[in-house]
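Student: One-letter residues, chain by chain:
2 protein chains.
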Amino acid sequence: MENKILKQNDRLRKQIEFIMEIDKLKKVYRQTFLMDGSRKENDVEHSWHLAIMSILLSEHALQKDIDITRVIKMVLTHDIVEIDVGDTYCYDDILRKNCLEREKKAAERLFDMLPQDQALEFRGLWEEFEQRTTPEARFAAALDRFQPLLHNYITNGKSWKDHGISSCKVIERNKSISEGSLILWDYAQEIINDSIKKGYLSI
Amino acid sequence: MENKILKQNDRLRKQIEFIMEIDKLKKVYRQTFLMDGSRKENDVEHSWHLAIMSILLSEHALQKDIDITRVIKMVLTHDIVEIDVGDTYCYDDILRKNCLEREKKAAERLFDMLPQDQALEFRGLWEEFEQRTTPEARFAAALDRFQPLLHNYITNGKSWKDHGISSCKVIERNKSISEGSLILWDYAQEIINDSIKKGYLSI
Numbered sequence: 001m002e003n004k005i006l007k008q009n010d011r012l013r014k015q016i017e018f019i020m021e022i023d024k025l026k027k028v029y030r031q032t033f034l035m036d037g038s039r040k041e042n043d044v045e046h047s048w049h050l051a052i053m054s055i056l057l058s059e060h061a062l063q064k065d066i067d068i069t070r071v072i073k074m075v076l077t078h079d080i081v082e083i084d085v086g087d088t089y090c091y092d093d094i095l096r097k098n099c100l101e102r103e104k105k106a107a108e109r110l111f112d113m114l115p116q117d118q119a120l121e122f123r124g125l126w127e128e129f130e131q132r133t134t135p136e137a138r139f140a141a142a143l144d145r146f147q148p149l150l151h152n153y154i155t156n157g158k159s160w161k162d163h164g165i166s167s168c169k170v171i172e173r174n175k176s177i178s179e180g181s182l183i184l185w186d187y188a189q190e191i192i193n194d195s196i197k198k199g200y201l202s203i
Numbered sequence: 001m002e003n004k005i006l007k008q009n010d011r012l013r014k015q016i017e018f019i020m021e022i023d024k025l026k027k028v029y030r031q032t033f034l035m036d037g038s039r040k041e042n043d044v045e046h047s048w049h050l051a052i053m054s055i056l057l058s059e060h061a062l063q064k065d066i067d068i069t070r071v072i073k074m075v076l077t078h079d080i081v082e083i084d085v086g087d088t089y090c091y092d093d094i095l096r097k098n099c100l101e102r103e104k105k106a107a108e109r110l111f112d113m114l115p116q117d118q119a120l121e122f123r124g125l126w127e128e129f130e131q132r133t134t135p136e137a138r139f140a141a142a143l144d145r146f147q148p149l150l151h152n153y154i155t156n157g158k159s160w161k162d163h164g165i166s167s168c169k170v171i172e173r174n175k176s177i178s179e180g181s182l183i184l185w186d187y188a189q190e191i192i193n194d195s196i197k198k199g200y201l202s203i
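The listed protein sequences derive, respectively, from chains A and B.
Under this note's numbering, the letters of the first sequence match residues 1 to 203, in that order.
Under this note's numbering, the letters of the second sequence match residues 1 to 203, in that order.
Hints are not guaranteed to be accurate.
Copies of the same chain are indistinguishable here, so a pair counts whether it falls within one copy or spans any two.
[Stated by the list, open to error] DMTMM-like cross-link-like pairs, simulated, lysine to aspartate or glutamate; straight-line CA separation at most 25 Å:
#1 K27 to D87
#2 K197 to E103
#3 K161 to D186
#4 K104 to D162
#5 K14 to E179
#6 K4 to E108
#7 K24 to D65
#8 K64 to E121
#9 K4 to E101
#10 K27 to E179
#11 K7 to E59
#12 K40 to E82
#13 K4 to D194
#14 K169 to E103
The set of hints was computed from the structure by calculation and includes no laboratory data.
So that you can see chain A by itself, here it is in the shape it has in the complex:
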């Protein structure tokens, strides 16, 4: 569009173009179902849920006094790259291997739409989340694994059953929750054990 304000203000133009671009994330669907089982949830819904969890559950983080604002920003932005690469099902090992290179390209294309300082901030948040080298990233990553686990449990293992996932795979995939929160990992293990007992997960 020909727009005077955006012509005069290059920062606002770039920000608005990015804000319009990321609307596409609302159509990247995950394998996890909503808790009522009615449909799969999308990346945006997942990210919002993690942001609320970041606010509410930060007292359970392994390391105290983490920067909760950075955790919130990380979980809000961590899946934006999937606009270009799509959602990779976490139990699909082959797809996961090829994923990182494509995600890096996506991060470049998408975040470089922003003014340089904000591009750097968003790239930094994404890299921090991916590398898990800070307590904030480990807590954010713990929530990122815990949330779909809870969804799967509440929906009687709907997505696990659809993909024939075993409890070993679920434990292997989710044990890193303990690096972000011990109590969430204790609770996750109870969920997994109960899921085996109830037949949501094969042994």
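Chain B: place on chain A using the hints.
Tutor: Just chain B now, with coordinates in the frame of chain A:
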């Protein structure tokens, strides 16, 4: 579920129950369409979009040095009450009048599920947003109006046309954007004028 961890930890139990309850917000649909026009968006998608906009556009807030974390928390939580009361179309005056009392009851029921300190925090965020008495709330409210305006513009006025909305109503409804950000209000006015020119909005 009978769960040892949640029995031992009353705070975590309440937090998890709230986290499960708010999944319902993913099914509260708004009148605004996704930018590709394919379907209406829901409250969670709207809230996530506002949170990203809070991060990116805070430099355009009328008052400098606002607490951006509080803005993010406000926009993430401001629509949770709609789990009980549903989305009220912003141009429906009669519905809007009856809305506040029902929203207050919803805020009580929903936020009181949380441990008391967090219930108070979430109630406080919701009330701050509703009352618009702080610069943070006015900026959050500006984004809350600007985002659907942008969606309507990008979708050629799809939702405005469906409801026969006039430009006067749109200006009346959105002029308070200027209390949160002058440049966003300038840009919003350009969008409205161009929408009239293109026939998305009647005069």
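Student: Could you place K4 and D194 in one of the four classes (within, between, both, neither) given a Cα distance threshold of 25 Å?
Tutor: Between. Shortest inter-copy distance 11 Å satisfies the 25 Å Cα cut-off; intra-copy 60 Å does not.
Student: How do K104 and D162 come out at 25 Å by Cα distance, when the copy is not named: within, between, both, or neither?
Tutor: Neither, since 30 Å and 41 Å both go past 25 Å.
Student: When no copy is named, should K161 and D186 be tagged within, between, both, or neither for a Cα gap of at most 25 Å?
Tutor: within (23 Å within a copy, 52 Å between copies)
Student: State whether the alpha carbon distance between K169 and E103 is at most 25 Å within one copy, between copies, both, or neither.
Tutor: within (24 Å within a copy, 43 Å between copies)
Student: Since the copies are identical, ignore which copy is meant and state whether K14 and E179 lie within 25 Å (CA to CA) inside a copy, between copies, both or neither.
Tutor: between (37 Å within a copy, 23 Å between copies)
Student: Is it within a copy, between copies, both, or neither that the alpha carbon of K64 lies no farther than 25 Å from that of E121?
Tutor: both (24 Å within a copy, 20 Å between copies)
Student: When Cα atoms must be at most 25 Å apart, do K4 and E108 count as within-copy, between-copy, both, or neither?
Tutor: Intra 28 Å, inter 45 Å, cutoff 25 Å: neither.
Student: Taking 25 Å as the upper bound on the Cα-Cα distance, should K40 and E82 be classified as within, between, both, or neither?
Tutor: both (16 Å within a copy, 21 Å between copies)
Student: How do K197 and E103 come out at 25 Å by Cα distance, when the copy is not named: within, between, both, or neither?
Tutor: Cα proximity of K197 and E103: none, with 37 Å in one copy and 41 Å across.
Student: If the cutoff is 25 Å on CA atoms, where do K7 and E59 land: within, between, both or neither? Let me know, please.
Tutor: between (45 Å within a copy, 18 Å between copies)
Student: Have a look at K27 and D87 and pick one of within, between, both or neither, based on CA distance no larger than 25 Å.
Tutor: The answer is both: 10 Å in one copy and 21 Å across copies each meet 25 Å.
Student: Tell me, please, which holds for K27 and E179 at an alpha-carbon limit of 25 Å: within, between, both or neither?
Tutor: neither (31 Å within a copy, 33 Å between copies)
In terms of the numbered hints stated before, the structure departs from hints 2, 4, 6, 7, 9 and 10, listed from lowest to highest.
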